[in-house]
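Trainee: Chains as they are written, first to last, in my numbering: chain E, 142 to 570; chain X, 463 to 628.
Check before you lean on any hint, since a few could be wrong.
Distance condition first, Cα-Cα at most 30 Å in a straight line; then the derived DSS-like pairs of lysine-lysine [unchecked claim]: (1) X:K509 x X:K465; (2) X:K469 x E:K432; (3) E:K226 x X:K509; (4) E:K568 x E:K432; (5) X:K619 x E:K204; (6) X:K465 x E:K536; (7) X:K620 x E:K204; (8) E:K568 x E:K492; (9) E:K198 x X:K620; (10) X:K602 x X:K619; (11) X:K596 x X:K465; (12) E:K191 x X:K619; (13) X:K511 x E:K536; (14) E:K198 x X:K625; (15) X:K511 x E:K219; (16) E:K204 x X:K625; (17) X:K523 x E:K432; (18) X:K509 x E:K219; (19) E:K226 x X:K620.
Hints are computed from structural coordinates only; laboratory data are not their basis.
Only a predicted model underlies this, so the values are computations on that prediction, with no experimental measurement involved.
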Amino acid sequence: MGMTMVQKILARATGQARVNVGDVVEPAVRTAMSHENGALVINQFLEVFKDTGLEPKVWDPSKIVLIFDHRVPAESSKTATNHKKIREFAARQGIPNLHDIRGDEGGICHQILPENGYVHPGTVLVGTDSHTTSHGALGAFAFGIGATEMAAVWALGRVLNVEVPDTIKVNVTGEFPRHVLPKDLILHLIGRLTAEGANFRVIEFHGPTIKKMSTSGRLVICNMTVEAGATSGIVPPDEETVRYLREEAGLPGPFDIFGPDADAVYDQVIDIDVAMLTPQIACPHTVDNVKPIAAVAGTKVQQIVIGSCTNGRLDDLAVAAGILRGRKVARGTRMLVFPASARIYQQAMEKGYLLDFMQAGAVVMNPGCGPCLGVHQGALGDGEVALATTNRNFKGRMGNPNAEVYLCSPAVAAASAVTGVITDPTKGE
Amino acid sequence: MAKIVRKLGDDISTDIIYPGRFMATVLPTETPQFAFADDADLNGRLKKKEIAPGSVLLGGKNFGCGSSREQAASCLVGHGLIIVARDFARIFLQNGINLGLQTVICPDIDANEGDELEITETAVTNTATGKTFKRLPLPKARQAIVDAGGLIPYARKKLLEEKGKK
Numbered sequence: 142m143g144m145t146m147v148q149k150i151l152a153r154a155t156g157q158a159r160v161n162v163g164d165v166v167e168p169a170v171r172t173a174m175s176h177e178n179g180a181l182v183i184n185q186f187l188e189v190f191k192d193t194g195l196e197p198k199v200w201d202p203s204k205i206v207l208i209f210d211h212r213v214p215a216e217s218s219k220t221a222t223n224h225k226k227i228r229e230f231a232a233r234q235g236i237p238n239l240h241d242i243r244g245d246e247g248g249i250c251h252q253i254l255p256e257n258g259y260v261h262p263g264t265v266l267v268g269t270d271s272h273t274t275s276h277g278a279l280g281a282f283a284f285g286i287g288a289t290e291m292a293a294v295w296a297l298g299r300v301l302n303v304e305v306p307d308t309i310k311v312n313v314t315g316e317f318p319r320h321v322l323p324k325d326l327i328l329h330l331i332g333r334l335t336a337e338g339a340n341f342r343v344i345e346f347h348g349p350t351i352k353k354m355s356t357s358g359r360l361v362i363c364n365m366t367v368e369a370g371a372t373s374g375i376v377p378p379d380e381e382t383v384r385y386l387r388e389e390a391g392l393p394g395p396f397d398i399f400g401p402d403a404d405a406v407y408d409q410v411i412d413i414d415v416a417m418l419t420p421q422i423a424c425p426h427t428v429d430n431v432k433p434i435a436a437v438a439g440t441k442v443q444q445i446v447i448g449s450c451t452n453g454r455l456d457d458l459a460v461a462a463g464i465l466r467g468r469k470v471a472r473g474t475r476m477l478v479f480p481a482s483a484r485i486y487q488q489a490m491e492k493g494y495l496l497d498f499m500q501a502g503a504v505v506m507n508p509g510c511g512p513c514l515g516v517h518q519g520a521l522g523d524g525e526v527a528l529a530t531t532n533r534n535f536k537g538r539m540g541n542p543n544a545e546v547y548l549c550s551p552a553v554a555a556a557s558a559v560t561g562v563i564t565d566p567t568k569g570e
Numbered sequence: 463m464a465k466i467v468r469k470l471g472d473d474i475s476t477d478i479i480y481p482g483r484f485m486a487t488v489l490p491t492e493t494p495q496f497a498f499a500d501d502a503d504l505n506g507r508l509k510k511k512e513i514a515p516g517s518v519l520l521g522g523k524n525f526g527c528g529s530s531r532e533q534a535a536s537c538l539v540g541h542g543l544i545i546v547a548r549d550f551a552r553i554f555l556q557n558g559i560n561l562g563l564q565t566v567i568c569p570d571i572d573a574n575e576g577d578e579l580e581i582t583e584t585a586v587t588n589t590a591t592g593k594t595f596k597r598l599p600l601p602k603a604r605q606a607i608v609d610a611g612g613l614i615p616y617a618r619k620k621l622l623e624e625k626g627k628k
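Please build the complete structure, drawing on both the sequences and the hints.
Mentor: Structural data, given as structure tokens:
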């Protein structure tokens, strides 16, 4: 009986020939990422060492990555103090990989990790962020953990008590219609599975459409697998993975590239033909409340957001800028654009996208999580509606429980910015 | 006996339990004040200590979905609440177990606000209706952490074993 991608990764990470679904294992960690909540990890890490007589030392400073993104630049003295604590800890422990608030190397953790070569196919990556699922795009088993669990990783170098998960196989076929994007595919899948439909399981993506998809698109679909409850999403690495790792992440290789066994056993298999898809919208207040755009087209929108760890990458900005170029954001609607990293910001500047956005009336913000989680920048007023390329629309998510958030692709966001109402980009161009 | 002080619906997200704008507060000693901060009634009763430790919040399906923020678990631990739900989202359940939050998985639970529950290792009885419902065991990877008294003592034990070996 063959093994799935994640079974094979966990077997390697535990030095075994095979692991079975349901086994409890302690896999070795290749990359351990924390953002601002690193401040809590530090606290819990010191707790682990308390009264042991041992000096608190992280297991391997080179494998820890610290990235500031949730509140950059700091919105409060409390956040600024957390940032300071993390910088001091990194210096004390000799952790070299700290992506601070900088215009050359800063950005959202789930863009910084892949673009800087911290994601290694076939290995285990953990992050104190639920969207750590993103990095399955490059063939890693990547999943979100809590701060205390990360403290144990910092101390021991492995994740304690992981139950080998079952896997759902998703076969994707067909050509995307114009302005239908990977975001529409994942929203459609979440709508089908429901918010807990993949709970405690992994979603493994296959099929010719995935083969043709760029790493950027794969990051979008793996990013949002957690919204169906999945432990992670994963794409078996291929030529595109190697291209990304060499050309964009700057890794020399060689890479340990392997896929699942041909006779791997899956919990269920789902087939999707994207040629049949129209733009999809996740309606308030759950991500699985997904409707085809026709059901909500015409809904008035006060704030458009393009960005986040889901859809703030260069190709997302290219699509949106292409739609907005030479047009104007409707009066009564404001539009905020957050490039996902400093590198993407610079590339978007060179390609002229930022100028397109600004001339249309959008506000280009600094890379970071922005309004996605309602912490700072771009909060909503009572009764207002936002249309965002972000990943969550829970009540209160964008900072106000008396507002509504709809989720969509960058093409829908840009087309709707022009009209001020939810607008189908595949129509009337 | 544990009284249900609030019946909540399905998909109660970590944004509802602990809104993002309070995430700069991280210490388990400081997070309880922001539990259900956007729910003035529940937050107010918790802060005024009108809800006794050992009280039950009754959730539906997928309790704790969303972010990995550990504050969503630590703020509930601080009030000594027991969470009974049909099922839990993975990261929230793991965080709860790591921090010693009492989580009870009871897929068929039928109860209302004000009802008193009798909770054993294998069952939950609603004393208002006399009905008993099966309680599911924790995923097996979690029980060892509960038995150790939480993840910090568990990890400490592993650390000492490892350093002893060297």
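Trainee: Does each hint hold? Answer for all of them.
Mentor: Going through the hints against the structure:
1. Between X:K509 and X:K465 the alpha-carbon distance is near 18 Å, which keeps this suggested pair within the 30 Å criterion.
2. Taken as a hint, the X:K469 and E:K432 pair is honoured in the structure, with Cα atoms around 28 Å apart against an allowance of 30 Å.
3. Between E:K226 and X:K509 the CA atoms are separated by roughly 29 Å; this keeps the pair inside 30 Å, and the hint holds.
4. Straight-line distance between C-alpha atoms of E:K568 and E:K432 comes to about 17 Å, which keeps the hinted pair within the 30 Å bound.
5. A distance of roughly 23 Å separates the Cα atoms of X:K619 and E:K204; the hinted pair therefore holds under the 30 Å criterion.
6. Between X:K465 and E:K536 the alpha-carbon distance is near 27 Å, which keeps this suggested pair within the 30 Å criterion.
7. Of the supplied pair hints, the one linking X:K620 and E:K204 holds, its CA atoms being roughly 20 Å apart against a limit of 30 Å.
8. Our distance criterion of 30 Å between C-alpha atoms is met by E:K568 and E:K492, whose separation comes to about 26 Å.
9. Distance restraint check for E:K198 and X:K620: the Cα-Cα separation of roughly 15 Å lies within the 30 Å cut-off, and the hinted pair is therefore satisfied.
10. Taking the CA atoms of X:K602 and X:K619, the gap is about 19 Å. The hint holds against a cut of 30 Å.
11. As the CA atoms of X:K596 and X:K465 are separated by approximately 18 Å, the hinted pair is consistent with the 30 Å bound.
12. For the given pair, E:K191 sits about 11 Å from X:K619 by alpha-carbon distance, which is consistent with the 30 Å threshold.
13. For the suggested pair X:K511 and E:K536, the alpha carbons sit about 26 Å apart, so the restraint of at most 30 Å is met.
14. As the CA atoms of E:K198 and X:K625 are separated by approximately 12 Å, the hinted pair is consistent with the 30 Å bound.
15. The straight-line distance between the Cα atoms of X:K511 and E:K219 is roughly 26 Å, inside the 30 Å bound, and the hint therefore holds.
16. Using a Cα cut-off of 30 Å, the hinted pair E:K204 and X:K625 holds, with the two alpha carbons roughly 20 Å apart.
17. Under the criterion of a C-alpha separation no larger than 30 Å, the hint pairing X:K523 with E:K432 is consistent with the structure, at around 21 Å.
18. This hinted pair checks out: X:K509 and E:K219 have alpha carbons roughly 22 Å apart, not beyond 30 Å.
19. Of the supplied pair hints, the one linking E:K226 and X:K620 holds, its CA atoms being roughly 27 Å apart against a limit of 30 Å.
Checked against the numbered hints listed earlier, the structure breaks none of them; every hint is satisfied.
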